[in-house]
Amino acid sequence: MKALQVDRKLGRLGLARAMSVLSPGAAARVGPLEMVTIDPPALPAPGWHRVHTHLAGICGSDLATVEGHVSPYFDDWVSFPFVPGHEVVGHIDTPDGPRRVVIEPVLGHAARGFPLPFEGAAPGDGNDYAHLATGRLEPGIQIGFCNSTCGAWAPEFIAHESQIHDIPDAMTDEQAVMVEPTAGGIHAALLTWPVLQGIERPVVAVLGAGTMGLCAIAGLRRYVPGVHIVVGARYPHQMAIAKLLGADEVVRSDELARAVRRATSSHMVGDHLSGGADATIDAVGTSASITDCLRITRPRGRVVLMGMPAEVTVDLTGLWHRETQLVGAYTYGTETMPDGSRVRTFDLAIDTAHSLGFERLLSATYPLDDYHDAIAHAAAAGRRGAVKVAFDLRPRARTRTEKASS
Amino acid sequence: MPRPGFVLEVDRSTPPLLFWRGENFSLEKLPAGRSRVIYPPEPLPAIDDIDGAIVHALLNPIDSDPLPAQLFPGMKLTIAFDDVSLPLPKMQSPDTRQRVIEAVLDMAAAAGVDDVHIIAALGLHRRMHEYELRHALGDRIYDAFHPRGMLYQHDAEDHDNLAVIGTTDHGEVLEINKRAADSDLVVYVNINSVPMDGGWKSITTGLASYRCLSVHHNGETLQNTRSLMGHRKHSALHTSIWRLGQVLRDHGPKLFQIETTLNTDMFPKPFDFISKREWEWNAKDRATYLATTKSLNRMPVRAARKIFHSIESPHQMTSIQAGETSAVHERTLEHVYRQQLVPVEGQTDILTLGIPFVCPYNPDGIMNPILVMCMGLGYLFNMYRNKPLVREGGVIIMTHPTYREFHPVHHPSYIDFFEQVLPDTTDPVVMGHKWEKQYAEDEWYRHLYRTGNAYHGVHPFYAWYWGAHGQQHAGKIIIVGGDPPTVRRLGFTPASTMDDAFEIASDVVGRAPTITHLHVPALLVADVT
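The listed protein sequences derive, respectively, from chains F and R.
Read in my numbering, the first sequence has 104 at position 104, and its numbers run on one by one without any break.
Read in my numbering, the second sequence has 1215 at position 215, and its numbers run on one by one without any break.
No wet-lab data here; the hints were simulated from the structure.
A virtual CB, placed ideally from N, CA and C, is assigned to each residue, including glycine.
Please note: incorrect hints may appear among the correct ones.
Said to hold, decoys possible - What follows is a list of derived Cβ distance ranges for each label pair:
| no. | chain 1 | residue 1 | chain 2 | residue 2 | range |
| --- | --- | --- | --- | --- | --- |
| 1 | F | Arg252 | R | His1146 | 37 to 47 Å |
| 2 | F | Asp271 | R | Asn1297 | 25 to 35 Å |
| 3 | R | His1234 | F | Arg252 | 36 to 46 Å |
| 4 | R | Pro1031 | F | Ala288 | 29 to 39 Å |
| 5 | R | Gly1171 | F | Asp271 | 44 to 54 Å |
| 6 | F | Ala288 | R | Leu1027 | 41 to 51 Å |
| 7 | F | Leu22 | R | Gly1491 | 35 to 45 Å |
| 8 | R | Leu1027 | F | Arg252 | 35 to 45 Å |
| 9 | F | Ala288 | R | Ser1326 | 57 to 67 Å |
| 10 | R | Thr1167 | F | Gly270 | 36 to 46 Å |
| 11 | F | Leu244 | R | Glu1503 | 32 to 42 Å |
Kindly generate the complete structure, drawing on both the sequences and the hints.
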């Protein structure tokens, strides 16, 4: 089958890194991503299924891979060559006919043949990641970064039953492909809760309103009670959608500090607010964004780092002095809700993407063959008025489709 | 003998006309046959013996005892003075305030008065920097009084040092600086740059609290102020202030008002060509214009701003009168109008205004977008008596780069106003009801106003209210050369060139509108009949 594959070719990675600075999407032409013909992966054990891709999203971490910006940290947590693609809706063939599913891509204990860390654990749960690099599969944190499973930028890949979620008949593929990023956003939103408890009208700032920032806003509004959400967004369409999803105040990114100051009645002392947001979600993940988030978060508040960073340079004196918590938000798993109940993030995400009509966040789809254009579009999504760009591998999809985001 | 102001009908031989564009200029050609230019009167001659005139005014006041007769040992004497918001540009040393206050202090010393406080009557304006106080008062006064805590700046948020004098029959509370309220005599030293200033406005705004100011500094009042520079009875603002003045007169401390007027000799060489009538420019003026504009175009705006704010104006005192506030102010207005009034027949469809680098609220600072609105619609539009130069529903065209730039120290709440309030509403009444309280009670703004050099948190609202009548009166407002998103945020229409602006205006005033250009500088008041 034809699939898009990333291989560890250092020259191409370097070239991609250089080219990505010059032009969005240029890295797709010269970088480590190639269209190849491969055999579908074999099913490694009982409980594994073959998933036929319908739609597969292009994520920020995929772009970082294609553009050669990924941290060396991941060198030992992925296995080359791999087929990217972890935001996916597809189907599994069963004797009763096709079964439409979304995939929770983390290759957890069950998928890798290890005991669960606790009964009913989700793939992302557990406090020891040894299983991600060992077991019956090649290393890989998720489908889409593992040589053994293939990824969703191919007509088919494999997934373990622990990763498979059925979706309602009424849910469209366009909504379903948004489930995975929605789960990431909800997880980040719920990570703010520990520092919000007991505050009558807590303020949470969200810096960045790309796909993940928007999903976090939706998560905050739906699952974090009484929260006042202030969003810094870069593009007009992002601002409009953020407002639609329930943000109380949406400003340009460079106005966020002042908006948070107003919302929290803080002083501005040098570069920092005297108080600030109770929690801030960084949906960008750069030196500048982390610095900004630390500046606008109150002492003993929490910065949830959702955007994937690489190497960054940040002055942490303020973090030390203000005893700020800096918390990563990688994926999802089992959440503890504000009312104390325990819920799978993916269940929340399926309901959210369906209820809120998240097909509105899917701005364009491309056939796999047009991957140069698709990557270029995704890399410039904000500027081009888009949110999520995806590959459409359904049989009828032969041409690109695009729609207004909002 | 200086020539009076006049109205030039533009014909084919009229050269292009000078327009301010912030920290630069442009020459614009106005259509012949239907355009006119209002030129200000030439500067009146200065008083020959200024110090002698000051002493004469103090010894021969209007409707009041001479100043020395009101001074006695053991008394509390407070001298309040107009702040850095005027004159513009700042005048060459010695400043009028220095000369007058030195004369007052000489008389106080002769009378054995040693409890003297000198207060900058800045209302909700920013505190003056030390160099500004030294410029306005001179080193001698500054060094003698400031180190001993006897020269300081009014604080409208220092509730321990404010006192209620009384309430008008309209329920307006007069609350002013406690030291002034408790004084045996308050001497107010004024510079009356425009007819709006002076009189009862001096103390009831300059030494007032926020709650006192807010009763008349609001959208409703300013929308109903139909003549800010003309007849007082048409100004809801001044009507309210005059009511407060009666409370001050009847229940407040004894007052001795000193008002001064300046001529309009505003720019020294090499910028004196700015004030000349364009057809009288000689080769040197044209060369200076070209060299100036080309240089300014090449330099960063910050450098250009520094040059302009360093200008010290040669304007000189044309009158001084002292004594009872109302009587003094009537005399002052005569002098102001003598210098600034220009008879103009009829209104116009389009009024064009060149917006300069400075207005009363950005001395040594940045003319931010809100101040562009304030200067255009609050000040220049209002430079009329009887009726506005532009007809109701007409178009106002301003020229200014209208960059989105703010002075972070002077104008912190302006930035928030631009980012938070203007995207929500540009209606002065709506914003007042919805947003002003939040800005008034913001502790950070309070802190910066009281201890730094920031305008009070509500000041951007006041600047916006100042343009309320002009905003309501005009059918369309266009800014030529402004940053388009910023201009749109103000609720105005951006245009690249003057011709584009006329084209845009044609939707409102048709294809052959009458056009009037208010020539700035200098200051003038159009007496429109």
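Okay, the hints, checked on the actual structure:
1. F:Arg252 <-> R:His1146: 37 to 47 Å: Since Arg252 (chain F) and His1146 (chain R) have Cβ atoms about 42 Å apart, the given range 37 to 47 Å holds.
2. F:Asp271 <-> R:Asn1297: 25 to 35 Å: With a Cβ separation near 34 Å, Asp271 (chain F) and Asn1297 (chain R) satisfy 25 to 35 Å, so the hint holds.
3. R:His1234 <-> F:Arg252: 36 to 46 Å: With Cβ atoms ~42 Å apart, the hint holds.
4. R:Pro1031 <-> F:Ala288: 29 to 39 Å: The hinted range 29 to 39 Å is violated for Pro1031 (chain R) and Ala288 (chain F), with Cβ atoms some 51 Å apart.
5. R:Gly1171 <-> F:Asp271: 44 to 54 Å: 45 Å, holds
6. F:Ala288 <-> R:Leu1027: 41 to 51 Å: 43 Å, holds
7. F:Leu22 <-> R:Gly1491: 35 to 45 Å: 40 Å, holds
8. R:Leu1027 <-> F:Arg252: 35 to 45 Å: With Cβ atoms ~36 Å apart, the hint holds.
9. F:Ala288 <-> R:Ser1326: 57 to 67 Å: 60 Å, holds
10. R:Thr1167 <-> F:Gly270: 36 to 46 Å: 43 Å, holds
11. F:Leu244 <-> R:Glu1503: 32 to 42 Å: 37 Å, holds
In summary, the one numbered hint that this structure violates is 4.
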